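Enquirer: Chain by chain, the residues:
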Amino acid sequence: MDSGDAVLVIVVAVALAFDFTNGFHDTANVVATSISTRAVPPRAAVAFAAVLNFVGAFVSLEVAATVAKDVVRADAVTPTIIFAGLIGAIAWNLVTWYYGLPASSSHALIGGVVGAVFAAAGAGAVLGDGLLGKVIVPAIVAPILAFVVAGTAITGAYNIVGRLRPGPTASGFRLGQLASGGVLALAHGTNDAQKTMGVILLALIAHGSIPDAAEPQVPFWVVVSAATAIALGTYSGGWRIIKTMGSRIHKMDSAQGFAAQGAGAVVILAASHSGYPLSTTHVISGGVMGAGAAKRLSAVRWGVAGNIVVAWVLTLPAAALIGAATFGLTYLFGAGAAGPLVVTVLIAVLTAAALVRRSRQLSLAGEAEAAAEAPS
Amino acid sequence: MIRPLAAEVVDWGSLLEVIVVSLVGGVGVTAAFSLAVLGAVRSVDSARERRPVAAGVFGAVAIAALAGCLAAIVYGIAIMVSK
Numbered sequence: 002m003d004s005g006d007a008v009l010v011i012v013v014a015v016a017l018a019f020d021f022t023n024g025f026h027d028t029a030n031v032v033a034t035s036i037s038t039r040a041v042p043p044r045a046a047v048a049f050a051a052v053l054n055f056v057g058a059f060v061s062l063e064v065a066a067t068v069a070k071d072v073v074r075a076d077a078v079t080p081t082i083i084f085a086g087l088i089g090a091i092a093w094n095l096v097t098w099y100y101g102l103p104a105s106s107s108h109a110l111i112g113g114v115v116g117a118v119f120a121a122a123g124a125g126a127v128l129g130d131g132l133l134g135k136v137i138v139p140a141i142v143a144p145i146l147a148f149v150v151a152g153t154a155i156t157g158a159y160n161i162v163g164r165l166r167p168g169p170t171a172s173g174f175r176l177g178q179l180a181s182g183g184v185l186a187l188a189h190g191t192n193d194a195q196k197t198m199g200v201i202l203l204a205l206i207a208h209g210s211i212p213d214a215a216e217p218q219v220p221f222w223v224v225v226s227a228a229t230a231i232a233l234g235t236y237s238g239g240w241r242i243i244k245t246m247g248s249r250i251h252k253m254d255s256a257q258g259f260a261a262q263g264a265g266a267v268v269i270l271a272a273s274h275s276g277y278p279l280s281t282t283h284v285i286s287g288g289v290m291g292a293g294a295a296k297r298l299s300a301v302r303w304g305v306a307g308n309i310v311v312a313w314v315l316t317l318p319a320a321a322l323i324g325a326a327t328f329g330l331t332y333l334f335g336a337g338a339a340g341p342l343v344v345t346v347l348i349a350v351l352t353a354a355a356l357v358r359r360s361r362q363l364s365l366a367g368e369a370e371a372a373a374e375a376p377s
Numbered sequence: 252m253i254r255p256l257a258a259e260v261v262d263w264g265s266l267l268e269v270i271v272v273s274l275v276g277g278v279g280v281t282a283a284f285s286l287a288v289l290g291a292v293r294s295v296d297s298a299r300e301r302r303p304v305a306a307g308v309f310g311a312v313a314i315a316a317l318a319g320c321l322a323a324i325v326y327g328i329a330i331m332v333s334k
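First to last, the sequence lines map onto chains A and B. No gaps in the numbering here: position 52 of the first sequence is 53 in the working numbering, and each next residue is one more. No gaps in the numbering here: position 53 of the second sequence is 304 in the working numbering, and each next residue is one more.
Next comes chain B alone, as it looks inside the complex:
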């Protein structure tokens, strides 16, 4: 059977890895940072409305999400440097 030229010469595994990493990394980091913004804004609003428990929970969400973003960036660069 004759296979298309692209099937022979393109490393589809490597290209698929780029696609998956880009989708997971790009969408994941933006979602995590959006959660950090959500947590921070809601935490400030809750503190202003004198709801300390909610302010604490939202603050924790913000910190955890921000830590996730930073970890993803550091992990990505560490992988590149180690190759």
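The shape of chain A in the complex, shown without the other chains:
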């Protein structure tokens, strides 16, 4: 194995780790609505979402093709550049997780890769038209679309079932959420798993492992490994949610849950079919807010909406900056595997330190809360 092969192995491993964290992070978005309306028991919801995320990754490969062909020039990319882009995305996800900002893993991934390519090969290697037309404009349109679709759908639903007895009506929509939650998990797999596939495909093209670089096909092992990583991440993320979620999430009725999940699923599926790599987090949030706003404007946590806008504006440039800086750092070590290895160890140490510090903070906050509630 030469140093080029070693870098490729590191890139694939880091990409799959990113995919795992993507599933881990997004479990809440996919299953929260079903759990909050008591449509599905938490354990079943998480297992169901993990399986359908896996299946969804096989449904379409349009998004992978967009990431591999339409965002940066494939002939200007090297595995080290892809590595730097991935680290940009992971580092930004870590920062936003630490500060509780609802950032998009997808935007971070694309921003990281664009930043690293820009630093390594200049502005000419970034496909501005593809970035604007296939990433930025759809990213603005999709959450607003999900908001409008969910709002319109729940208004229609209330007009149809508004005079029925509430008990059986709620039970009916809870049954429906089995399907809408399932399709949402499937949709999540069609869009999010493919971004990792696209990045691995780019690294394989740069390494010379793909024979037809002009019309690259995603190798089957890439599809299977990306699908497995996101499904395992979804399943692992679920246990944390089962323990901590419950009462924290916004309560909605089962009809709203059905409309929100349906709107999120249909927007993500339609976008995946056209090859648009969306932020599934923002689309699902748009659907939940639309379903809430149609019933009562004050039911929507507009502060969360504001945080999403802030995260949206910051993510692409911030991940791009970190991706560019990471490329600069690896460049200091030459073209071999030393740079990626050093950076991987560095990011692993930083991640562990952030996890320890955050868990200490949460533990202290919990103790303070318990002390405040204890009778004096």
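Treat the hints as calculated values from the structure; they're not laboratory data. Warning: the hint list may mix true and false statements.
Negatives, chain B to chain A, calculated, CB over 12 angstroms [claimed, not checked]:
(1) R301
(2) R302
(3) P303
(4) V304
(5) A306
(6) G307
(7) V308
(8) A311
(9) A315
Computed footprint of chain B on chain A; a stretch qualifies when at least three of its residues, placed anywhere within it, have a C-beta under 8 angstroms from a C-beta of chain B [what the hints assert, rightly or not]:
(10) 163-172
(11) 175-184
(12) 224-230
(13) 268-280
Since we're looking at a predicted model, the values are computed, not measured. Virtual Cβ for every residue (Gly too), placed ideally from N, Cα, C.
Could you slot chain B onto chain A? The hints should help.
Expert: Structure of chain B alone, referenced to chain A:
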């Protein structure tokens, strides 16, 4: 005439297709499922009130609406898989 950059680089036809499909699919499936719930609840109520014709009609509405929902989901996934 200078056209805005977005007009040049965005495939508005494709984006419009996403918008139309999302609106029709999202609103249509929720409306169809709401009709299925309406039909099912009214059918049970009618049967309890010993009105068999109404129970049958509402039951048929529920089944037809549910079949519409399932058909829409299967059709959507089939289109994605076939591309």
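Enquirer: When I compare C-beta atoms, does the stretch 224-230 of chain A have three or more residues closer than 8 angstroms to chain B?
Expert: Since 0 is below three, the answer is violated.
Enquirer: Taking the shortest Cβ-to-Cβ distance between V308 (chain B) and chain A, state whether it exceeds 12 angstroms.
Expert: holds, 16 angstroms
Enquirer: Given that the stretch 163-172 of chain A was listed as covered by chain B, double-check it with a C-beta distance under 8 angstroms for 3 or more residues.
Expert: As far as the stretch 163-172 of chain A goes, the hint holds, because 4 residues have Cβ atoms under 8 angstroms from chain B.
Enquirer: Just want to verify: R302 (chain B) was marked as not at the interface with chain A; is every Cβ pair farther apart than 12 angstroms?
Expert: holds, 16 angstroms
Enquirer: Checking the smallest CB distance to chain A, is P303 (chain B) really beyond 12 angstroms?
Expert: holds, 19 angstroms
Enquirer: Compute the least Cβ-Cβ separation between R301 (chain B) and chain A, then decide whether it is above 12 angstroms.
Expert: holds, 18 angstroms
Enquirer: Taking the closest pair, is the beta carbon of A311 (chain B) still more than 12 angstroms from chain A?
Expert: holds, 16 angstroms
Enquirer: Can we confirm that no CB of chain A comes within 12 angstroms of the CB of A306 (chain B)?
Expert: At about 14 angstroms from chain A, A306 (chain B) clears the 12 angstroms cut-off, so the statement holds.
Enquirer: When I compare C-beta atoms, does the stretch 268-280 of chain A have three or more residues closer than 8 angstroms to chain B?
Expert: Contact hint for the stretch 268-280 of chain A vs chain B: holds, 8 residues under 8 angstroms.
Enquirer: Examine each Cβ of chain A, and state whether all of them lie more than 12 angstroms from the Cβ of A315 (chain B).
Expert: Holds, because the least Cβ-Cβ distance between A315 (chain B) and chain A comes to about 14 angstroms, which exceeds 12 angstroms.
Enquirer: Does G307 (chain B) clear chain A by more than 12 angstroms, comparing its Cβ with all Cβ atoms of that chain?
Expert: holds, 18 angstroms
Enquirer: Are there three or more residues in the stretch 175-184 of chain A whose C-beta lies within less than 8 angstroms of some C-beta in chain B?
Expert: It holds: at least three residues are needed, and the stretch 175-184 of chain A offers 3 whose Cβ sits within less than 8 angstroms of chain B.
When the structure is compared with the earlier hints, a violation turns up for hint 12 alone.
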